[in-house]
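Produce the entire structure from the sequences given, and follow the hints as far as they go.
If you want the building blocks of each chain, they are given just below.
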Amino acid sequence: MSVRRLRASALAITALAALVALTGCGTAGPSAAGPAASDGSVKGTNATVWVISGATEFVFDNSFDRWNKAHPSTPFTVQSFANDPYKQKIRTAVGAGQAPTLIYGWGGGTLKSYVDAGAVEDLSDLAADPALKDRFLPSIAAVGQVDGKTYAVPNNGLKPVMIYYNKDLFDQVGVKPPRTWDDLLALVPKFRAKGIAPLTVAGASKWPLLMWEEYLVDRLGGPQVMQRVLAGEKNAWSDPAIVKANTMIQQLVSAGGFVDGFGSISTDSSADIALLYTGKAAMTLALPSAYQAVQSGAPDFLAAHKLGYLDFPTVKGGKGDPLDVVGNPSNYWSVSSKATPGEKKTAEEYIKEDLLDSSYVSDLLKSANVPPVQGIQDKLEATSDPEYYGKIYSLASKAPSFQLSWDQALSPEQADVLLTSLQQVFLKQITPQQFSDAMNKTLE
Amino acid sequence: MTTIPASRSGAPLRRPRPALAPLLAVPALVMYVVFAILPLGGAVVLSFAQWDGLSQITWAGLGNWTSVLSDPVTWNAFVLTGKIMLVSVVVQTPISLLLGVFTAGRQRYREVLAVLYFVPLLLSSAAVAIAFKAILDPNFGVAAALGLPFLKQDWLGNPDLVLYVVIFVIAWQFVPFHTLLYQAGVRQIPSSLYEAATIDGAGRVQQFFYVTLPQLRNTIVTSGTLMVTGSLTYFDAVFVLTGGGPGYATRLLPLDMYLTGFTANQMGPASVLAVILVVVGLALAFVLTKFTGFARMQSDQEGV
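The listed protein sequences correspond, in order, to chains A and B. Just so we're aligned: the first sequence equals residues 1 to 444 in my numbering. Just so we're aligned: the second sequence equals residues 1001 to 1304 in my numbering.
It is possible that part of the hints are untrue.
Straight-line alpha carbon distances no greater than 27 Å define the calculated DSSO-like cross-link-like pairs of lysine-lysine that follow [unchecked claim]:
| hint | chain 1 | residue 1 | chain 2 | residue 2 |
| --- | --- | --- | --- | --- |
| 1 | A | Lys190 | B | Lys1152 |
| 2 | A | Lys194 | B | Lys1152 |
| 3 | A | Lys428 | B | Lys1083 |
| 4 | A | Lys345 | A | Lys69 |
If you're looking for bench data, these hints aren't it; they were derived computationally from the structure.
Spelled out as structure tokens, the structure:
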């Protein structure tokens, strides 16, 4: 029995075991997008692709539609999945050798595990192709590299994290947006006095809490702190910057910085952002998806220019560059190694010709995403909100360090402990020291 | 098949042709082996291995077992599962018993209510959990809709409160099923018993305690067994509602298994937890059936 067969059957057995243990609740094994070769396509070149459903879905759909019309003999079959189920499904599919031809990803620890398992193709030659080389912003393209080789290319908007705020509420209380951490702390009692929550955050979803930690650690100690963690240095989580960041977070929580009951709020229905535009909370720290949420939830609020945004505050005595950014640089396409040569060729041709081309870029901008593409200033000017799009573009392209979200950068095992422990820090169930101890254990 | 069971009337049942009898068990046996024994064997094997779902499987010996059993998260999950089991039985039994007795009546309004009570059971757990998540939202949920500030609690974010919220949602979903069991149980009680009790001068309360309750003994045992073993598999509602959080506050055993396996991608330790779950479940079912007389299948209507 080959290793692949063994792995596939082990996977099936595990899935079945889960089914048996949890009667009535099962995530069935991967069902590869069936190659429906009824449209006269050439056999073995029927590439498949899975995309994430939501506000950006139509951008992918449109791009693949254009490709399929121009290349009827080598079409893509597109299937869409919700974000969280996708993350679990894709891993099972990759492990069983049933992955789609183009694999949607975030870079970081997951991409590295794919590379280690030999599941994705080395795209270095393709990336060096003159047609592709100068298309992407270099700092964003670099996230698709592992050990100097390119395994993934950007396919989605830039996602730097910023503070978003409700301008009306700031006028009402008569205060200015915070430039420093001390400003932020000083704002808390002022908003509280008017019965407004200073900050909203979806604590139940865990990952929104991580943005606070990432920015504070970077402002205090710079990107080196996380690099030591990623390198697996012993006790790297005990870095003074991390302990200090968690202490500051707990101070902010104790001061009443976050909306009451933030631990019950989840990102599912954008309830966290809804607090902002309904005037119940003044600020939030968020990905550009917050802008999309306002766009769909309260277009009038956006049209009246009531949504403000600014960089994360500076921290006195911090070693990090105030221009540093955290977030998700972009999303990425990888090509599955298990695909047939014909499918691989289709995928690579698609990347070379259609990925982030002019129509793709326009569609991304329509979905409130800023493409990681060089020289698109004129396109940014032509959007509905040039100031905002320009801000995202310059924030991401000028950042000395654009740090990938830790839950993506770390291995899934470490990410699980990280998100849970951080939630405990926010709820003051554990001390900063206990957080560092729990995280150091994952480095052993 | 060594003895021939006799029916009540005393006539012997027709005995199947002996050569055919084992064959009849084959389909069920095949299903059982393929869907229960084989995966279980796989989980046992994987519990001694290290595997992230992608790369090659390597042997880990007893490493997974020692790491899982020395992990405080595992023991926390055990305690939580025990708590949820106990509180679920204590909360669900009296409610379903009373509702069951109530809906057993033949009055028209009671039959209408019985249908209404049954509705939650028809909904999928995930849908129930998503609905409750929206209802419990502190800012846009039921508190805001009804204008009742005391309902504005950190229901799912307060580690001391969340377990009871989860127990409530589970009870909301499963009480109808147990109500149905009790309703059927009550309807089987011969009316002659109540007539005799009335003649003896027993009131409604006395009839409940001295006729209905004793007659429901087997139903209580059945329903209790299902509740206890069922609480080992509470997963979907909790997963959607809290994801095991906040922190580890609702990370029950099955949830711990799933998150370890499919979020942290550690199939080895997850398999250890799966095996533990199976063993605990079997042990509980065995103890319950052994010591409650459930297995003896005695009737409570002897002599009626």
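Comparing the hints with the structure gives:
For the hint pairing Lys190/A with Lys1152/B, the CA-to-CA distance comes to about 23 Å; that is within 27 Å, so the pair holds. Between Lys194/A and Lys1152/B the alpha-carbon distance is near 19 Å, which keeps this suggested pair within the 27 Å criterion. This hinted pair checks out: Lys428/A and Lys1083/B have alpha carbons roughly 23 Å apart, not beyond 27 Å. The straight-line distance between the Cα atoms of Lys345/A and Lys69/A is roughly 17 Å, inside the 27 Å bound, and the hint therefore holds.
Hint violations for this structure: none, all hints satisfied.
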